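Starting from two chains that each stand alone, build the complex the way the hints lay out.
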Amino acid sequence: MGPLQDEGRHRIGSRVGIALCWAAAIAVASVCLFIIGYLLVQGWHSINWTFLSTDPVASMTEGEAGGVRTPMVGTAVLVLFSTFLILPVAIGAAIYLAEYMDERWWITRIVRIGLETLASVPSVVFGMFGLAVFTLGFFKFLSASGTEGGNMAFGRSFLVASIVMGVHVLPFVIKVAEESIRNIPLSQRQGALALGMTKWRTIRKVVLPAAKSGIATAVVLGMGLAAGDTAIVMLTLGGTMTMAVDKWWQVGNWVEVLKGAGSTLTSYIYFNSPAGDGNSPGAALGAAFVLIAIVLVFNLAAVLLFRRQQRAA
Amino acid sequence: MRVDDAMLREDPTMSDTFLTADPNDTFSMLEGMLATAAPRVRSTDVPSVFEVRALDVSYGSKRVLHDVSLDIPEKRITAFIGPSGCGKSTALRCLNRMNDEIPTFKMRGKIRLAGQDIRGKSVNVTALRRNVGMVFQQPNPFPMSIYDNIALAVREHESRIARSTLDGVVEQALRHASLWDEVKGNLKGSALSLSGGQQQRLCIARALAVKPAVIMLDEPCASLDPISTARIEELLLELSADYSIVIVTHNMAQAKRISDKVAFFLMGRLLEMGDALQVFEAPQRQETAEYVRGAFG
Ligand SMILES: Nc1ncnc2c1ncn2[C@@H]1O[C@H](COP(=O)(O)OP(=O)(O)O)[C@@H](O)[C@H]1O
Ligand SMILES: [Mg+2]
Chain A
760 MGPLQDEGRH
770 RIGSRVGIAL
780 CWAAAIAVAS
790 VCLFIIGYLL
800 VQGWHSINWT
810 FLSTDPVASM
820 TEGEAGGVRT
830 PMVGTAVLVL
840 FSTFLILPVA
850 IGAAIYLAEY
860 MDERWWITRI
870 VRIGLETLAS
880 VPSVVFGMFG
890 LAVFTLGFFK
900 FLSASGTEGG
910 NMAFGRSFLV
920 ASIVMGVHVL
930 PFVIKVAEES
940 IRNIPLSQRQ
950 GALALGMTKW
960 RTIRKVVLPA
970 AKSGIATAVV
980 LGMGLAAGDT
990 AIVMLTLGGT
1000 MTMAVDKWWQ
1010 VGNWVEVLKG
1020 AGSTLTSYIY
1030 FNSPAGDGNS
1040 PGAALGAAFV
1050 LIAIVLVFNL
1060 AAVLLFRRQQ
1070 RAA
Chain B
5 MRVDDAMLRE
15 DPTMSDTFLT
25 ADPNDTFSML
35 EGMLATAAPR
45 VRSTDVPSVF
55 EVRALDVSYG
65 SKRVLHDVSL
75 DIPEKRITAF
85 IGPSGCGKST
95 ALRCLNRMND
105 EIPTFKMRGK
115 IRLAGQDIRG
125 KSVNVTALRR
135 NVGMVFQQPN
145 PFPMSIYDNI
155 ALAVREHESR
165 IARSTLDGVV
175 EQALRHASLW
185 DEVKGNLKGS
195 ALSLSGGQQQ
205 RLCIARALAV
215 KPAVIMLDEP
225 CASLDPISTA
235 RIEELLLELS
245 ADYSIVIVTH
255 NMAQAKRISD
265 KVAFFLMGRL
275 LEMGDALQVF
285 EAPQRQETAE
295 YVRGAFG
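Keeping their order, the protein sequence lines are chains A and B. The opening position of the first sequence corresponds to residue 760 in this note's numbering, with each subsequent residue numbered one higher. The opening position of the second sequence corresponds to residue 5 in this note's numbering, with each subsequent residue numbered one higher.
Since the hints were made in silico from the structure, they are not lab data. What you are looking at is a predicted structure, and each value in this text was computed from that prediction instead of being measured. It is possible that part of the hints are untrue.
Residues from chain B shown here face chain A by an in silico Cβ test under 8 Å; the list is partial [unchecked claim]:
#1 134
#2 138
#3 147
#4 151
#5 161
#6 210
The beta-carbon is built from N, C-alpha and C at its ideal position, and this holds for glycine as well.
The shape of chain B in the complex, shown without the other chains (with noise of 0.2 Å):
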């Protein structure tokens, strides 16, 4: 899926064979991509997706971001590691503007989304989200049954669509999410019924139905145990075939395995981003030599 201009506005005339693949044919093309999932060492000198410059960050007078500049590439992994209260939520949830929801919340800079400005008068905040899901570190999914929880993300932004299509879309997107074969039977359960981790592919499910570019998580595998947080790892990796994804993580481990690019922030600045191996196998600070070993935060 290519970010362009349109995908900004109110009105994205984006094309629409998401919604109207046949899902056993888009399947077994998934299937074929997974056969030859990306190697593990991917190159990241790749086009960006996100170009932030200089931001700076405060919630009332408390300054939390100082003069961060980074690069998301397209179709990758991105890691944002560091310390508790280091500014990481903070950073992500500037890409989608969900900190404009906080009253005290001021920010300088610029953030580009293929390259356009996301705070630019003729973008949509809606539109940006649409196109900049957000998975969280608590599974949120809404007390309605699994397919509502899909259904209404997607008639969201496609009243009109037809019931036959929208089943369509559903199935889609918990076969993206890999949930669809543990929930197929029981699409009219409670959401709330599943266990954590199926919570949380249902929410990465829900934000891939609206057809995003971008998937950001908050630490979404804090709440996880092992084989639930395995899962979502593994399920990561096939997405970044598709999609830029951006992962907040506490777990130096699930940097190492997953992430293609790392973004080490400290006390409110980034101070280091590279390449993963770089970043973990010769780090070019102190600090950061010091934090993915192990000893500090």
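Only chain A is shown next, with the shape it has when bound in the complex (with noise of 0.2 Å):
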């Protein structure tokens, strides 16, 4: 055997690796895909022009859940406003644990903790949460009160659901930039350091830019979790399926909707599955489809915001 003909001694095992490592690729995948594509065949047969046009019915008859357009609203206003609620602390965070944060302070490592256990509290113990603190008298003017009278708030409304789904979303999307500013390299922060920029302006004029992209990334994948969360819509948007004002689309009514109950697609899905109230299983995989529809169109922006900061960098 010449020198250049090994044994083989490592060939069959690093073939057997691979192997598996592909099996499981694949095995991830095909699941991933059916999932996917069983809920868009089912929900497709529901999808037309009626059933997103029109509002949901509150029936116990199959067939008769009524559309989805007051759901796509109100997930459309809870992503928004809950975006929006977040955005400043967001970036501030970030900016804060990117930059001027010492791994070595004491204070770094409380908000780095802070920010993981906040990352792993389920989203049902936000909603609870949210539920006693905005039902205190204190908060009336977030949600419409008067049903439960005294000094106790209603507790559910767009602006509270709001609050606590940017709470939940908050230390994703803090990871996420956070993550992206870090990656703008040390050189082009040395490049303007040196022209006498100084720390604040360096990262106002030359990091933030560079890190859009990224930071976009951050907020669409934020929005993609706050379109998909359920606990906290059914805990405190109210158990409900229907927008709390009818004529919700007229400017002086916003005020109204946003102190006002409502659903979103996730909870109109939740009360026509088979374990909701309605039991309209068609309805539920009609609305599946859509939400699905919405958080890969929230996942491909965000991938195609991540590959123009790679190629910016």
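Pasting the structure below:
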């Protein structure tokens, strides 16, 4: 045997290892595709213009659950509003963590542990906590009160749900945004400092513009999470399928919409699933179709934005 | 451009000729200067722009510079040479206080720019760095347009500058860095699409745009091909008519070609410093002789 022919000692081991990795990857991909494919195929039957343009109806009869117009609007309101609320905090915290915090400070450790804990708390716990806090009379201005009277607030509204949802997605958004800020090469920061820019100006004028699409990725991922969460919606947006305000599209009603209860695609799915009160699996699958489409669009946007950052860096 | 005390203050009261001069006029002036470009052997018996005295530097408990004293002559090219790790970059980065960014950095000694202690109380680091430009080993243009790379630097120090004036300053800086002809049709194009050598010249232009007195370059050609390297060398020779230049280089041939004064570092000490001719032709120390002959490092 010449020096270029080895005895194949590691060859079999390598092949088996590689084969196992392939098998695992293919298994994951097929489970994933199966679930999405099943939901899409099943849900597709329910999708038509009427389904998309009518409001839900609370009914026990199969096929009378109505459409998903207000749940779609609800998802949009909740996603946009929770993002809007946390954006300044998320970006500020990401900048602080990436640029200013010294990993040796005890405060840094506490913030990191805090964020990780926050990220691992199940959303139903956030929902419960939110309900406990926002039913206090002090928070009446956030949700239309009256029904429960006295010094209790109703505690369920788009405002309340947005705040709670914001706290839920905050750690994820911070994490991704921090990472994209950290990814901006040191050499560019040094270039800016060497021109006589202060650290803050360097961050404002060089680092943040360069990290822009990474931060956008973080935000879009957060939106996807918010669109998909159910427990927070069930607990803090109200146990209802309909929007509290009828003519929600009129600008003059928007404050009332935000202070009122409502539903989203996820709560609509829950109510109409065999586990909920509605028992209209067809409608639930149709809504699932719409929701998956929305989340896929968010993820696709995140991927595209991320690519842009990669190319720029 | 003269260095004076005012330059280190927050509000430099420098003349604005650079900003207001008619670009064409200045360009022809520059061409005139090139025609009579300095002869390769220039006297280094000129005023010093930097005076470094008894500089000791450590990172944490690791001592990296011992008792370094040297003068950087005005409007000449000074080369720092020596094997890797001997402290050239550290010495360079002391001059614009870039080391201040490193938490473990400690220094003792005095560094004066135009007679003024750069660590003095009244000194503003950003003003110091504006006056002592720096170009790095890897070209590091910002991920934005060619124009914005320079405009950003200028606006940083002159936020109210008019657009038309700014256009002039950008052009001026690109001309000084002999990059204008290559990029004038593509100012809005991304700086990252330029070649390595062009990027490095853009970084030089960026440094020039804020009107420094000194330009420091830390192995600026290390990642460039020979042609780009030659262009940068030529550019530095041109610029040395107006600016004091300090260059760190590993390349003995380069140091020979462009420097007027040479400082040889070895293991954290300044072993020898003198006119380039003397250091290369008649080194005082055995180690210098071996190093410039290429015996080590
Ligand atoms: N940030 C730093 N922290 C600790 N040690 C450093 C740091 N930068 C440089 N050094 C050390 O200081 C010495 C001098 O480094 P440097 O100035 O970069 O040398 P040169 O530029 O001549 O190669 C080296 O031993 C290097 O390892
Ligand atoms: Mg170095």
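| Violated constraints from the hint list, given by number and in increasing order | Those not satisfied come down to hint 4.
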